[in-house]
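There are 2 protein chains.
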Amino acid sequence: MAKTKGPRRPRAEAPKGFRDDFGAELAERKAMLDTIAAVYHRHGFDPLETPAVETLEALGKYLPDVDRPHAGVFAWMEEEGGDWLALRYDLTAPLARVAAQYRNDLPSPYRRYAMGPVWRNEKPGPGRFRQFTQCDADTVGAASVAADAEICAMLADTLEAVGIPRGDYLVRINNRKVLNGVMEVVGLDDPDAHAEARGIVLRAIDKLDRLGEAGVRALLGQGRKDESGDFTRGAGLSGEQAEVVMRFLAARGATETETCARLSDLVSASAIGREGVAEIETIADLLAAQGFGADRVTLDPSVVRGLGYYTGPVFEAELTFEILDEQGRPRQFGSVAGGGRYDDLVKRFTGQEVPATGVSIGVDRLLAALRAKGRLKGATEGPVVVTVMDRDRMTDYFAMAAELRAAGIRAEVYLGNPKNFGNQLKYADRRAAPVAVIQGGDEAARGAVQLKDLILGARIAENASLEEWKSQPAQQEVPRADLVAAVRRILAR
Amino acid sequence: MAKTKGPRRPRAEAPKGFRDDFGAELAERKAMLDTIAAVYHRHGFDPLETPAVETLEALGKYLPDVDRPHAGVFAWMEEEGGDWLALRYDLTAPLARVAAQYRNDLPSPYRRYAMGPVWRNEKPGPGRFRQFTQCDADTVGAASVAADAEICAMLADTLEAVGIPRGDYLVRINNRKVLNGVMEVVGLDDPDAHAEARGIVLRAIDKLDRLGEAGVRALLGQGRKDESGDFTRGAGLSGEQAEVVMRFLAARGATETETCARLSDLVSASAIGREGVAEIETIADLLAAQGFGADRVTLDPSVVRGLGYYTGPVFEAELTFEILDEQGRPRQFGSVAGGGRYDDLVKRFTGQEVPATGVSIGVDRLLAALRAKGRLKGATEGPVVVTVMDRDRMTDYFAMAAELRAAGIRAEVYLGNPKNFGNQLKYADRRAAPVAVIQGGDEAARGAVQLKDLILGARIAENASLEEWKSQPAQQEVPRADLVAAVRRILAR
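Residue numbers (our numbering), protein chains in the order written: chain A, 4 to 496; chain B, 4 to 496.
The shape of chain A in the complex, shown without the other chains (with noise of 0.2 Å):
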């Protein structure tokens, strides 16, 4: 017999690698947003919000490993015949369309801030999601590296002030043209000659952390093969060439001098390494003159930063104390925050070069840095919840609910079936509610309410049995006329 079908039902999920945020969590972004959003502004950002949709051609094909056409992005066309539209995937592009658009009607130099969802069509993961949160700061028309190491030392006073102390982070900065100097140096000099032998030297010192030097060294020599037995190619580069990238990925002195005069010997027969390394040592210059030492702003040659726009320094914060993996292995939290100067995006629509630079910190790796460490609070203040005895008085439980918030306190009717009493201090319960208001006929008719103390309550049920929990104060009978002072002592304790 064949089955009755009846209209199929829609499935109540998300789509894959979509999440939804409630209550406390949001709480928690909307804080560190908030926190963000005034350091950059007292910098002097300006905020700014562009749609979520762009033309697919003002996006750009920046993404990494995008192989087929629009991979990496969500994009539909508009209609039969009319533009490919696409979700951005990430808050630098619009900028980059924005700073084309209004060219003539933004101050310039032109620093912005910029919060929001951006979108990857990858392949989701446990923690990869498809949607998230980026928090940007860049700055469009400065010419001078100074731009670049005021992004620098706010990004460090920002992770301050969202709540990662000095000596957990580390703001990390190299330069694009130092890199371009040691690969001049190394023979790898055209961008497309060379592109994928200097694309697998920049991938190889990315990895110094994961692999050590050796496996380094192996991936600029002939290549190497993991544990697991899989090879991956080598640039080809010859023991003497491999040799000036290991110095240059040991270039960190013990001073930031030090550094500089290191990079300096390594690149000197490469005018652009030279420019790379004049810059940064002026980063280095303002950032210690404003008091930022190495132990929150430093410079490190190993940093590359994966995406293809870069130009000049580059510079990423990591966040340096351990946390436990979901093996329970320790490890290093790594990067939470990166960016760089990018002279060329803006170029794309106008043909005339302008400069820009920014960061962009990834506010969920962020907050799950500082919950990993117990640093949110992480709850959020529950309502007052207003019982009901009595279904017919139900003014008079929306009366009491709206003097407790004209008071400022949080404070609601339960709206469910009345009927049985335990599913609504259930409800309570679920709803973190500080306290419960009860009042039945008789308290009713000597003008009194109940006062649950709900937080108490737990506290006693924790360290006693029932029938103690029963005697203790965490019930108590105020006159209906003090409603809103009873609560508000409650809630002080």
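No lab work stands behind these hints: they were computed from the structure.
Be aware that one or more of the hints could be misleading.
[Said to hold, decoys possible] Pairwise CB distance ranges, derived in the manner of DEER restraints: (1) B/Gly170 / A/Ile326: 29 to 37 Å; (2) B/Arg396 / A/Ile326: 36 to 44 Å; (3) B/Arg213 / A/Arg496: 54 to 62 Å; (4) A/Glu82 / B/Arg169: 32 to 40 Å; (5) B/Ala409 / A/Asp485: 40 to 48 Å; (6) B/Ala447 / A/Glu125: 52 to 60 Å; (7) A/Tyr105 / B/Ala292: 52 to 60 Å; (8) B/Asp393 / A/Glu82: 53 to 61 Å; (9) B/Lys429 / A/Asp288: 22 to 30 Å.
[Claimed, not checked] Keeping only pairs whose Cα atoms sit at most 20 Å apart, straight-line, the calculated EDC-like set for lysine to aspartate or glutamate is: (10) A/Lys350 / B/Glu16; (11) A/Lys429 / B/Asp108; (12) B/Lys126 / A/Glu31; (13) B/Lys19 / A/Glu81; (14) B/Lys33 / A/Glu31; (15) B/Lys210 / B/Asp303.
Note that CB positions come from ideal geometry on N, CA and C, so glycine has one too.
Start from chain A and add chain B according to the hints.
Relative to the frame of chain A, chain B by itself:
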């Protein structure tokens, strides 16, 4: 000769119907959203943030006038043969999905608020955008109309909190059940068989404001020809049937009691109608008991609300003051929020009826109203601009800005090309800077800075000749050590 073509540059434009929001307007919107969130929160509502993207099947088809499949939403196929995904078109459909997905984990009733962008794939026009902000509060799982009353009261409180004074708004309440009762009385009781005529009647009621009584009567009967000669087909009611509808529209009395008595009389033959009247009576009683007079929240039979999914009370907040339209003619500002009860939305997913009610505030319209009435401050505080007289002394200028910021004063160093000092002052103007800080070699040598009071300067410039301006104390020299204190004195003026 063929034109030489370089690679085509992308257009620097947001897609049609999308806009960018800058500094001051964003600050105003954020302040409004924060205020609304605070009111919602104080009423016991918890924040929820769902992703921008939902499966198309989860969203359902609740947009009005949807003929083509997926019309009205931005939708795309996830991958060849995969799910259809779409941008949410409101915040209610995602809430229904969440209420179904997490039904075992959420408190019940679940009060939640949400704010954020929604997207409509509609033809853009003046003032009509394809992305706009909504700000919703809903209660899921409360069958009692006390939940509807709470939302209406909260809506009135919210409007006052964002700056609409009492008397300038009205929350109008009706009930779909009363409307259904009227339909039953006039013989259009079958939602399917009489779908078309019912739709025409509802739209006619909704147009009372614009068409007046005669226009509505024509639409209830054979139809109506407008000034342009266009004919709109009517519902085909007899004169007697139409009379019932007209009496319904005129049922609003001097008091809520009178309104209810008239409605009760009108739908006495319909069970659903009687139920509807009883519900709005209860709502009116609850509101009156909390001190919400008919000058703030009132019963009004002409409220229809477009969306097909409402099943009970419906409400609408209207601003009652006049503004001037684009042609300079006065007109009522109209609706800024609306909502109602939708008991069937969650059922789509679970098969079980889950009562729900809620309101959506059109934040952009509300901001436009406050702007039109001059009730928004508009300007944001510009930063103090530290100018650059000597580009070798950037560290000094950065130190000044850092000192000002440490004292809580918004400050920045000019980061453009410092060669032309006039450009720096123009920049400071554009940034609405209150003060420019100037230190050339001479000032530095004597340990001083010049402070230019740009607000005073602008005021003098309006009322005095250039010569007079020069003699004014709009510029003063202070010891470098007094920088912060002196800037503070100027800002305090």
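Hints, one by one, checked against the model:
{"no.": "1", "hint": "B/Gly170 / A/Ile326: 29 to 37 Å", "in the structure": "violated (56 Å)"}
{"no.": "2", "hint": "B/Arg396 / A/Ile326: 36 to 44 Å", "in the structure": "holds (43 Å)"}
{"no.": "3", "hint": "B/Arg213 / A/Arg496: 54 to 62 Å", "in the structure": "holds (58 Å)"}
{"no.": "4", "hint": "A/Glu82 / B/Arg169: 32 to 40 Å", "in the structure": "violated (46 Å)"}
{"no.": "5", "hint": "B/Ala409 / A/Asp485: 40 to 48 Å", "in the structure": "holds (46 Å)"}
{"no.": "6", "hint": "B/Ala447 / A/Glu125: 52 to 60 Å", "in the structure": "holds (53 Å)"}
{"no.": "7", "hint": "A/Tyr105 / B/Ala292: 52 to 60 Å", "in the structure": "holds (53 Å)"}
{"no.": "8", "hint": "B/Asp393 / A/Glu82: 53 to 61 Å", "in the structure": "holds (57 Å)"}
{"no.": "9", "hint": "B/Lys429 / A/Asp288: 22 to 30 Å", "in the structure": "holds (29 Å)"}
{"no.": "10", "hint": "A/Lys350 / B/Glu16", "in the structure": "holds (14 Å)"}
{"no.": "11", "hint": "A/Lys429 / B/Asp108", "in the structure": "holds (13 Å)"}
{"no.": "12", "hint": "B/Lys126 / A/Glu31", "in the structure": "violated (38 Å)"}
{"no.": "13", "hint": "B/Lys19 / A/Glu81", "in the structure": "holds (10 Å)"}
{"no.": "14", "hint": "B/Lys33 / A/Glu31", "in the structure": "holds (17 Å)"}
{"no.": "15", "hint": "B/Lys210 / B/Asp303", "in the structure": "holds (14 Å)"}
In this structure, the hints that do not hold are numbers 1, 4 and 12, in rising order.
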